[in-house]
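**Student:** So the chains spell out like this:
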Amino acid sequence: MVNPILLIALPLFFAFSIPIVGFVYRPLQRWIPVVSLGLTTLIALSLIPRVGAHGPIVVITGGFPPPIAINLTVGPLGLLLALLIQVVGLLTALYLVQVPVKEPHDRFSMLFLLLLLGATGMVLTGDAFNLFVFLEITSIAAYALTGFQRTGESVEAAFKYLVIGSIGSTLYLLGLILLYTQTGTLNLADIARHLHQVDPRILYLSLVLIAVAFGVEAEMFPLNGWAPDAYQGAPVAVTALFSAVIAKAGLYALLRMLYTLFGVQNLLYVLALLGVLTLLVAEAAALRQRNVRRMLAYSSIGQMGLLMLAFGVGSSVAVSSGLFHVLNHAVFKGILFLGLGLMALRTGSENLEDLAGLGRRMPWVSLLFAVAILGTLGLPPLSGFWSKFFILYATARAKFYGLLLLALLGSVLEAAYYLRLLQVLYFQEPQKPLVPGRTPWLPALSLGVLAVLLLLFSAFPHQVFHLVRPAATELLNRGWYISKVLATGGL
Amino acid sequence: MNQALLYFGGSAALFLIGLYLVLVKTNLIKIVLGLDLMETAVNLFIVASGYIKDRTAPILNRPDLLAHPSQRAVDPVPHALVLTAIVIGVAVMAMALSIVIRIYEKRQTLDISKLRSLRW
Numbered sequence: 314m315v316n317p318i319l320l321i322a323l324p325l326f327f328a329f330s331i332p333i334v335g336f337v338y339r340p341l342q343r344w345i346p347v348v349s350l351g352l353t354t355l356i357a358l359s360l361i362p363r364v365g366a367h368g369p370i371v372v373i374t375g376g377f378p379p380p381i382a383i384n385l386t387v388g389p390l391g392l393l394l395a396l397l398i399q400v401v402g403l404l405t406a407l408y409l410v411q412v413p414v415k416e417p418h419d420r421f422s423m424l425f426l427l428l429l430l431g432a433t434g435m436v437l438t439g440d441a442f443n444l445f446v447f448l449e450i451t452s453i454a455a456y457a458l459t460g461f462q463r464t465g466e467s468v469e470a471a472f473k474y475l476v477i478g479s480i481g482s483t484l485y486l487l488g489l490i491l492l493y494t495q496t497g498t499l500n501l502a503d504i505a506r507h508l509h510q511v512d513p514r515i516l517y518l519s520l521v522l523i524a525v526a527f528g529v530e531a532e533m534f535p536l537n538g539w540a541p542d543a544y545q546g547a548p549v550a551v552t553a554l555f556s557a558v559i560a561k562a563g564l565y566a567l568l569r570m571l572y573t574l575f576g577v578q579n580l581l582y583v584l585a586l587l588g589v590l591t592l593l594v595a596e597a598a599a600l601r602q603r604n605v606r607r608m609l610a611y612s613s614i615g616q617m618g619l620l621m622l623a624f625g626v627g628s629s630v631a632v633s634s635g636l637f638h639v640l641n642h643a644v645f646k647g648i649l650f651l652g653l654g655l656m657a658l659r660t661g662s663e664n665l666e667d668l669a670g671l672g673r674r675m676p677w678v679s680l681l682f683a684v685a686i687l688g689t690l691g692l693p694p695l696s697g698f699w700s701k702f703f704i705l706y707a708t709a710r711a712k713f714y715g716l717l718l719l720a721l722l723g724s725v726l727e728a729a730y731y732l733r734l735l736q737v738l739y740f741q742e743p744q745k746p747l748v749p750g751r752t753p754w755l756p757a758l759s760l761g762v763l764a765v766l767l768l769l770f771s772a773f774p775h776q777v778f779h780l781v782r783p784a785a786t787e788l789l790n791r792g793w794y795i796s797k798v799l800a801t802g803g804l
Numbered sequence: 049m050n051q052a053l054l055y056f057g058g059s060a061a062l063f064l065i066g067l068y069l070v071l072v073k074t075n076l077i078k079i080v081l082g083l084d085l086m087e088t089a090v091n092l093f094i095v096a097s098g099y100i101k102d103r104t105a106p107i108l109n110r111p112d113l114l115a116h117p118s119q120r121a122v123d124p125v126p127h128a129l130v131l132t133a134i135v136i137g138v139a140v141m142a143m144a145l146s147i148v149i150r151i152y153e154k155r156q157t158l159d160i161s162k163l164r165s166l167r168w
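Sequence lines, in order, name chains E and L. Each residue of the first sequence is one higher than the last, beginning at 314 in this note's numbering. Each residue of the second sequence is one higher than the last, beginning at 49 in this note's numbering.
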């Protein structure tokens, strides 16, 4: 078996080899992220059978078994998200080979790899302080990438993100140390095991601090003020990553804390409530946007809200369909943001009116764009329908009828602006000529692969549910996780 | 006990001063300073949480330490953590200041109330 620590070590090696490769043969630099993410995708794929058969792989570093040293815990949930991060990252890296971003491209590629590395580390680590380190790696890379275009808007967005993000991570560190003073351990499973020793006042204080910290990363209302600006300021490929995987890593950390570390199943309705608020506020804001990127950004925040509702309901059906929706949302938003990037190459703008008539002039990209929109709306044959339907079904089963109604209202708002976008795309006459040129083939390839994934999810929803079930079980079954990590002989 | 209270109270005070700077001040540099103070406060808290009066670092090179390490030495983990936290804090500060430089280049101002998209 390949050691899962390579999922972290390889990108680190490749990221810092980029400048050296630049000395040898400069054009090769652009391919380094593709190579790195291709390898990590293969590694993540190769781990699936073993994790499926034997449960979590616990990687021991420094020769001490848990709970002493830092360890990676590659369980079904972590592996699912790590694989998602590698796949979306690989497709985005392919996209970036032919679509230029602002120079210096080598630094961009380094930050790009570090961003994905941090997110992978966040979902795989079994150590609370290590989670902080990976959170900061992800965040610092994300701040830098947000400001990478060096326009006024993007650097302001980066500063806003930095202020909110670093307050968030400081709060996480504080909450973590509070727990450490009470339990004397940093291993997530071991803290969870010793939680009954903690003074309840300190317990709830650190719960609030940690939930706020990861609420920032998971774009939870009212902590998501940075998100629309960062999504708009960053290069479009980075926006696709923020939406498809980085926010998911934040959500994972939040869920790991709530479900496994604190085990507060009785307080999860707060998460559901905040999720619905996130959904409604974001969808209402999206309705007013003229800039399509910003509209998609708000839509992405709204979908994060729907995910929080699913995980806040917390039944087995809700968690499974929430995880299914995580996959769906990553694919849909990947297509939408990358597709928008390709459209903007030809139209020179991301405003709604400038996309008029693209349905005829860029038929393939527009078709995928439209399919992803219909998927997000949850039109029946597409995979978005299954995940969204079962989230709402589980909400109804849990007797959260008020939340159900509000979530449906959010879906109606969502339909309003997405259908307007489709109408502009297909039924309005173009006003400006396109920039001449062809759609480059590598970005088209990555959009194509995302579309194939979308069709696979749509054609085999039952199998996808089957695939995410172990991950849902890991999240819901706190004792199983604790015993698996601590009883391990390790690697 | 009083000494511990001093450290914990001091770090809480530092944290609040930092938060005040971030929330109230309009100058970007002062906001960055506020973030730094908050981080420093947490770092102080981490160090203080590992401190036990009349004990020494767990470097077991003396016979009395070797005989009763768990009664003579402090907890080394917070000190290891705080080093990492300081380094990460430096990276965040460097990032923040370089972004502030870019903002000044683009907008010719450090006043947050004059930056259109930074109001929230």
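Don't take each hint at face value.
[To be verified] Calculated Cβ distances over 12 Å to all of chain L for the following chain E residues:
id	residue
1	E449
2	I450
3	G465
4	G792
[What the hints assert, rightly or not] Straight-line C-alpha distance at most 20 Å; calculated EDC-like pairs for lysine to aspartate or glutamate:
id	chain 1	residue 1	chain 2	residue 2
5	L	K154	E	E416
6	E	K415	E	E663
7	L	K154	E	E466
8	L	K162	E	E466
9	E	K415	L	D84
Keep in mind that the hints were calculated from the coordinates and are not lab data. Treat the numbers as computed from the prediction; the structure is a model and nothing was measured. Just so it is clear, CB atoms sit at the ideal spot from N, CA and C, and this is done for glycine as well.
**Student:** List, from low to high, the hint numbers that the structure doesn't satisfy.
**Tutor:** 1, 2, 3, 9
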